[in-house]
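2 protein chains.
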Amino acid sequence: MQDFFKYLNKNIDINDEAKFLISSIIKIREFKKGEILITQGQSKVTDTYFVLSGCLRSYVICENGKEHTVQFAIKDWWISDYIAYYGKGEAILTVECLTDCIVLQSDKLSIEKVFEKFPEIETFHRKNLENSFVRLNKRIVNQLQLNARDRYINFTADFPKMESVAKNYHIASYLGITQQSLSRIRTQK
Amino acid sequence: MQDFFKYLNKNIDINDEAKFLISSIIKIREFKKGEILITQGQSKVTDTYFVLSGCLRSYVICENGKEHTVQFAIKDWWISDYIAYYGKGEAILTVECLTDCIVLQSDKLSIEKVFEKFPEIETFHRKNLENSFVRLNKRIVNQLQLNARDRYINFTADFPKMESVAKNYHIASYLGITQQSLSRIRTQK
DNA sequence: GTAATAAATTAACATATGTTAAAAAAATCA
DNA sequence: TGATTTTTTTAACATATGTTAATTTATTAC
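Protein sequence lines, in the order shown, are assigned to chains G and Y.
Numbered by the working numbering, the letters in the first sequence go through residues 55 to 243 in order.
Numbered by the working numbering, the letters in the second sequence go through residues 55 to 243 in order.
In case anyone wonders, no lab produced these hints; they're calculated from the structure.
Do not take every clue at face value.
Because identical chains share one entry, a pair is satisfied inside a single copy or across any pair of copies.
Stated by the list, open to error - Below are the BS3-like pairs computed for lysine-lysine, each with C-alpha atoms no more than 27 Å apart in a straight line:
no., residue 1, residue 2
1, Lys129, Lys98
2, Lys98, Lys181
3, Lys86, Lys171
4, Lys87, Lys73
5, Lys171, Lys64
All chains, please: the whole structure from these sequences, using the hints.
Given below as structure tokens:
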């Protein structure tokens with residue numbers, strides 16, 4: 055939890071009152087590799103997770119049974135099924151741990167209460183969201199303009215340690231190709 | 055400008071003081087079809103645009119000369135080069151008008167001042183951003199799991215009037231395919 | 001340490017889409 | 001209204017990636 059306050063304090067001054075409120079709405083959770091935080095189809099998604107350590111991913115299984123990794127999350131990243139978390143309805147993504155993880159968990163209504171009481175925390179969150187929004191924009195632009203090989207090259211530059219943590223078929227599905235295609239790419243010069 | 059206050063008032067109560075400040079930082083602009091609001095490569099992007107009427111798109115031209123449409127914007131949507139607007143550096147996207155347009159234009163620093171003075175407007179913006187974030191997440195999920203034909207079907211459902219406003223090659227490049235492939239898809243049953 | 005299971009690679013063939021070019025249709029301009 | 005330009009369609013061929021299956025390698029469980 056001190057790590058989280060350090061992370062916040064990099065950007066805004068957090069006083070003791072804010073720390074107290076945050077401590078009261080956030081749970082520190084530990085999960086083992088393979089454990090599931092959110093399950094596709096569960097009736098709603100109320101929680102978001104901040105990664106203190108470890109690595110997680112979110113994925114969807116579509117109608118033909120194929121699995122597509124939507125997001126990886128490492129230390130200092132947030133993860134949830136944001137489509138259901140910010141929107142309405144049941145979860146369309148599953149969130150699972152690729153390694154043993156320590157995360158902070160909180161629900162949306164509690165976080166909104168913190169924002170009401172401490173608008174500077176809301177501002178910080180907004181700027182974080184703007185950064186995430188930029189990352190998704192870049193990802194879409196890259197998806198449109200790069201072939202599979204170039205997307206893989208960018209991915210390994212952006213997430214240097216991911217190949218030692220995620221399975222190749224996770225990475226392939228994140229890139230929008232099959233594991234056979236990724237193997238083919240990895241073998242090429 | 056009254057349309058904009060109506061749009062805001064759908065969600066939050068805007069008092070006269072807020073209206074006055076907003077009026078002082080927002081310019082109403084009119085553009086003709088084909089005009090350019092942001093040019094790829096321009097040294098920085100300080101402005102965002104709210105569409106009162108008409109239709110715009112943003113696109114990137116990559117190294118091989120191909121053009122990829124990143125976003126369409128219709129009435130009540132915001133558009134900019136958000137990678138450069140929220141991030142740093144020169145524009146990587148071009149924003150152009152597909153029809154005659156009326157937009158509201160404001161710069162980021164002025165908008166931040168409005169947020170400081172009226173935190174409820176910042177909250178409204180944050181929720182808007184959350185909705186946009188959800189749309190991008192959905193787009194990525196769709197890009198990963200749907201083939202070109204299904205993406206086209208979804209697109210025409212999401213933007214029913216776009217085909218009468220945008221060129222087919224714009225739509226094809228938004229979907230991540232060539233105009234020949236889009237023609238092929240449109241001809242199929 | 002070994003057996004069982006999961007992950008990764010490889011190959012042959014199939015399919016979706018890209019590329020190139022030409023022709024037709026539509027839009028724009030004078 | 002006709003000429004010009006742009007957009008769209010179509011066809012033939014090329015390429016990137018998918019599919020299926022088999023084999024190899026790595027990991028996990030006992």
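Status of the hints after comparison with the structure:
In the homo-oligomer, the alpha carbons of Lys129 and Lys98 lie at most 27 Å apart inside one protomer (25 Å), although the nearest pairing across protomers, at 31 Å, exceeds that limit. Taking the shortest Cα distances, Lys98 and Lys181 sit within 27 Å of each other both inside one copy (26 Å) and across copies (19 Å). Taking the shortest alpha-carbon separations for Lys86 and Lys171, neither the intra-copy value of 34 Å nor the inter-copy value of 45 Å comes in at or below 27 Å. Taking the closest pair of Cα atoms, Lys87 and Lys73 never come within 27 Å of each other, the shortest separation being 30 Å inside a single copy and 52 Å across copies.
Taking identical chains as interchangeable, the C-alpha atoms of Lys171 and Lys64 lie at most 27 Å apart whether they share a chain (20 Å) or sit on different chains (24 Å).
Checked against the numbered hints listed earlier, the structure breaks hints 3 and 4; every other hint is satisfied.
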